[in-house]
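Note that the sequence shown covers residues 1 to 247 in the working numbering.
Source of the hints: derived by calculation from the structure; they are not laboratory data.
Even for Gly, the Cβ is constructed at its ideal location relative to N, Cα and C.
One thing to keep in mind: the hints can contain errors.
In silico DSS-like links for lysine-lysine, alpha-carbon gap of 27 Å or less [unchecked claim]:
{"no.": "1", "residue 1": "186", "residue 2": "24"}
{"no.": "2", "residue 1": "171", "residue 2": "241"}
{"no.": "3", "residue 1": "86", "residue 2": "131"}
{"no.": "4", "residue 1": "131", "residue 2": "105"}
{"no.": "5", "residue 1": "118", "residue 2": "244"}
{"no.": "6", "residue 1": "118", "residue 2": "131"}
{"no.": "7", "residue 1": "240", "residue 2": "117"}
{"no.": "8", "residue 1": "247", "residue 2": "186"}
{"no.": "9", "residue 1": "131", "residue 2": "160"}
{"no.": "10", "residue 1": "118", "residue 2": "8"}
Computed Cβ-Cβ distance ranges for the label pairs, DEER-style [unchecked claim]:
{"no.": "11", "residue 1": "152", "residue 2": "124", "range": "24 to 34 Å"}
{"no.": "12", "residue 1": "121", "residue 2": "25", "range": "12 to 22 Å"}
{"no.": "13", "residue 1": "167", "residue 2": "10", "range": "21 to 31 Å"}
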Amino acid sequence: MEFVRVTKDNLEDEHICCAISNNKDVQVSSKKAWLAERFDEGLVFLKSAERGKCFIEYIPAENAWVPIVADNYMYIDCLWVSGAFKGHGYSTELLDSCICDSKEKGKLGLCILAAAKKKPFLADPKFLTYKGFTVCDEADNGIQLWYLPFAEDSVAPQFKECAKHPHVEEKGYVLYYTNQCPFNAKYVPILEQTAAEHNIPFKAIRITSKEEAQNAPTPITTYAFFCDGEYVTNEQMNDKKFLKIAK
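Put together the whole structure using the sequences plus the hints.
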């Protein structure tokens with residue numbers, strides 16, 4: 001497989017895999033704007049040369065948009081291979097490239113979010129186990145922090161205290177999200193409109209900086225949906241799914 005590294009120089013010309021469309025699409029433009037601000041912080045976006053969902057995105061953990069303590073680790077935002085790309089070993093190729101790059105940069109290891117059972121938009125725990133990752137911390141909502149140390153004496157990463165017990169004070173439905181996920185640019189406004197039309201108490205809170213993300217009340221910041229203070233899901237939803245939950 002031929003891979004392409006997306007950078008500031010080629011960002012406008014390359015597709016970003018998870019939202020295959022032109023740059024005028026709000027999903028693409030929001031994601032690319034988010035990426036453009038992360039490259040100087042060490043973010044790497046490596047994808048297949050062919051159009052499709054086959055890529056890895058990672059960043060030094062100190063700059064990751066998640067509430068973790070993982071000094072000198074590399075944090076994997078997303079490792080996604082699907083469709084016709086599955087079953088060819090591309091996940092391993094992408095992960096191996098990340099491992100090699102991280103070791104060259106002197107990192108202690110890798111970390112990534114997952115759960116005991118596969119959840120939407122999170123890494124597959126079976127694949128992580130196969131590749132040598134183990135769980136190093138877990139939040140009350142079942143979201144786990146997995147890590148792959150490069151040395152046996154490496155200090156394990158952990159969630160910050162604010163993320164270990166996901167909870168918010170607001171009543172009604174509250175959504176924390178970022179533009180790291182391109183789908184949010186399309187579907188969050190749909191939820192806001194649907195909530196208004198049906199008089200459903202709903203508040204969307206967009207996280208706009210790594211400082212906000214690193215102190216968020218949830219281990220997942222790309223999409224964290226709460227109801228009356230309690231965590232519900234990290235799965236993006238359309239108007240029908242939202243109304244089903246609300247009813």
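### Message
Next pair to validate is residue 131 with residue 105; report whether the Cα-Cα distance is within 27 Å.
### Response
holds, 20 Å
#### Entry: Proposed proximity, residue 117 with residue 240 (alpha carbon, max 27 Å)
Distance of about 25 Å is within 27 Å: holds.
### Query
Taking 27 Å as the top limit, are the C-alpha atoms of residue 131 and residue 160 close enough?
holds, 25 Å
### Message
Check whether the Cα positions of residue 186 and residue 24 lie no farther apart than 27 Å.
### Response
Holds, because 13 Å separates the two Cα atoms, which is no more than 27 Å.
### Query
Do the alpha carbons of residue 118 and residue 8 lie within 27 Å of each other, as the hint requires?
violated, 33 Å
### Query
Do the beta carbons of residue 121 and residue 25 sit within 12 to 22 Å of each other?
About 19 Å separates the Cβ atoms of residue 121 and residue 25, which means 12 to 22 Å holds.
### Query
Do the alpha carbons of residue 86 and residue 131 lie within 27 Å of each other, as the hint requires?
holds, 16 Å
### Task
Could you grab the alpha-carbon distance between residue 118 and residue 131 and see if it respects the 27 Å cut-off?
Roughly 16 Å separates the two Cα atoms, so the pair holds.
### Task
May I ask you to test the hint 21 to 31 Å on the CB atoms belonging to residue 167 and residue 10?
Cβ of residue 167 to Cβ of residue 10: about 42 Å, so the range 21 to 31 Å is violated.
### Query
Does residue 186 lie within 27 Å of residue 247 when you go C-alpha to C-alpha?
holds, 23 Å
### Task
Would you mind confirming whether the straight-line C-alpha gap from residue 171 to residue 241 stays at or under 27 Å?
OK: residue 171 and residue 241 at ~20 Å, within 27 Å.
### Task
Could you grab the alpha-carbon distance between residue 118 and residue 244 and see if it respects the 27 Å cut-off?
holds, 22 Å
Going through the hint list in order, the structure does not satisfy hints 10 and 13.
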